[in-house]
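Participant: Could you put together the complete structure from these sequences and hints?
2 protein chains.
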Amino acid sequence: MDKKFASFKKSLERVYEHNKLYRDKMRKLNITPDDIKSEEDIQKLPITEKKDFFIDYPYGYYATSQADIKVYHASSGTTGKPLIVGLTENDMKYRSETIVKDLKMAGIQKGDVVQICLGLGMFAGGLSFYEGLRSMGCKIIPTATMSTKMQLFYMKELKTNVLISSPSHVMRIYEVALENGIDVKDLPLRIIRVGSELMTEKMRQKIKESFGDDVSVTQDYGMTEFLGPGLGMECEYGCGMHLNDDFYFELVDPKTKKKTNGNIGELIISSVYSEAFPIVRYATNDLVEVTYDKCDCGRVSPRILRFLGRADDMLKVKGVKIFVSQIEDFLFAHPKFNHQYEIVLNDDNYKDSLTINAEYHRKISKDYQKYLKEYEREIEEEFKDVFGIKSHIHIVDIKTIERPEGKVRRVKDYRTKMVPV
Amino acid sequence: MDKKFASFKKSLERVYEHNKLYRDKMRKLNITPDDIKSEEDIQKLPITEKKDFFIDYPYGYYATSQADIKVYHASSGTTGKPLIVGLTENDMKYRSETIVKDLKMAGIQKGDVVQICLGLGMFAGGLSFYEGLRSMGCKIIPTATMSTKMQLFYMKELKTNVLISSPSHVMRIYEVALENGIDVKDLPLRIIRVGSELMTEKMRQKIKESFGDDVSVTQDYGMTEFLGPGLGMECEYGCGMHLNDDFYFELVDPKTKKKTNGNIGELIISSVYSEAFPIVRYATNDLVEVTYDKCDCGRVSPRILRFLGRADDMLKVKGVKIFVSQIEDFLFAHPKFNHQYEIVLNDDNYKDSLTINAEYHRKISKDYQKYLKEYEREIEEEFKDVFGIKSHIHIVDIKTIERPEGKVRRVKDYRTKMVPV
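Heads up: the protein sequence lines correspond to chains B and Z, in order.
The numbering of the first sequence is the working numbering, which starts it at -13 and goes up by one.
The numbering of the second sequence is the working numbering, which starts it at -13 and goes up by one.
Because the hints were derived from the structure by calculation, they are not lab data.
Not one of these hints is a red herring.
Below are the DSSO-like pairs computed for lysine-lysine, each with C-alpha atoms no more than 30 Å apart in a straight line:
1) Z:142 with B:79
2) Z:96 with B:79
3) Z:90 with B:56
4) B:90 with Z:56
5) B:36 with Z:142
6) Z:56 with B:142
7) B:194 with B:142
8) B:96 with Z:-4
9) Z:87 with B:56
10) B:37 with Z:142
11) B:171 with Z:67
12) Z:243 with Z:280
13) B:145 with Z:37
14) B:56 with Z:194
15) Z:79 with B:145
16) Z:37 with B:142
17) Z:79 with B:56
18) B:56 with Z:142
Facilitator: In structure tokens form, the structure reads like this:
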């Protein structure tokens, strides 16, 4: 039995012992930890869903005593209450090692001047990067919770060469720099590492166009449930996120939760080394495409090539399934828009309507604004060609769309909620 | 030569070598580090003022290379630019030890559930407490930057027994708890440790009345210039802040900067163990009363008994000097007010006018509001008796006064600014 599987087995036994909810699920399937004799057997185990964490809230899914917890983190939960995840001393140590692996994969080195724009607090991302950077010997500028203008001030003054942020915040920095007559290409930035939201390929291109092609723009994938960043991480080649070998990953059919044979499916993750909050077969709700090809960097680990969407990012409009990311790709293919948009759904007279408000790009000549209406009609037709449904496209003024500092919610769904049958 | 003085001498030599600004000042006084042969000689050295840090901004006052810096912190500066202070690895280690001393002095122990409501970021307070608590093995709930209501949610849910915050935020928590029908006396709080703003004795009483007399309410004193908290720290007896023996403290006349013989004066501080940003004879602008009596806790270190004010907290109204803290004490002596007030200064027709808006306490019966005007006149007379000048007292509705989440600015001075002659 290899070290990884042995650790998973130990974790499973602890879960079975401490966690009534999970024990009940396993009894229903008539299995005990003893029945899991190989990695293959993991798929026999029951699935954990986010809503499960709220049944015996907040400690039901812990496998250690609360006395062993050293720090708490949280993410907003499905029930309105935050999901509270605790870390033991070993979890802290393990997470710090994971983050160092992540930072090194991004090309970050000892001595780099790293500005963290992610909040340090209950959100797991910020503090875990802080701890990783501390142990690597980087120089840290922790600028979250101040105005973007002040963040730019520090970038210039302290010669930041690595930025850790979210994609939307990175574009916000670009916007504020423009407003203040700062050319971000003059900044000594070498690496932009994003997380917390998904960066589409189009978004990566926007960021590279804005900050300069020589700036490395990569992302990582993580979630509070698994202690923060570090589930998947892009190397400098930026061609997909290497899955972290410290976890078990499975691809399943999102409906049946049975193993898929292809390289597309919902990602199921099991923790192997987590002590306080180990999760067995977590249904992430993330639909991904994975590749098993060797990466240009030489690593052979499977990579997430792209996210096809999340169940809660999937819109059903007039019976058609559309992912928000698909709409984003569609919009970003038009150079006339900047990166700000929102999707508004309504159901007047019980009929779905889909409106997209998108800001025009500042490079549009003023004359051009006269033709916006005609342009809108053109794009609506194009939209229909691509997605098969009608939409209302509104090209709006720059700065019309709300710019929250944290995660962006692109969709406003005002439709009457139906009780599922 | 004792260890402390030897370290100071080494620091002075490094300052003299790296810091042109300081070297010039010393040359003007015709002294070199060699002339400083004993602790007594320290008073021969030139004074450092906050504005000095902005002459060769931002690195003029550093005594190490920027390559050695591990984290940057900052405080808002006098020129509008933030004062940027860096810490080396040794500074980080030293600061962490200082904070542990501070936390232990407050009675905080390994295993305590500590909620940090101070922001973790460029503000030095938050992250230094985080690092200290980590090394002590406490359980950390880092809840800054979320709504006070959510902070209360975590206090209840995770059974916080130690709160680290600012005095005004502590009272904000009390206020929000009241609004949400939570009795803060039911919370398992044992210790409230405040910093970042000054807590007056009246404020301490308010907090103890609100949270329960068995809750220990103590404060500490620090500044970004000296790496964060830890210059002065109250023990559980809460009768003055023990001066940290790791610094040199002097009491001087605020005008002449000459040594005072009494126990009242402006505090001058010199760093002894700081590596990156050592400061020689910093004029803190803080007027304090110190006692040399042995504390009830058994410690013999001098203690700051009270702050008489800061130069920038000192108001000159109609030629009379009044400290904001004196007005606060005056207001808090009236049980009819809550802790929210503001001081507004005007100079209509070139004559100073002083208005105090203070919120009435929610315990005032509704009938009572009829007599507010009469009550205001009474307090105005009382004010005149105490301070010798006329004032306009306005008793205002609860929640009329602005409540910023960070440091509170109590004074709005709308008078025409005169150029000093």
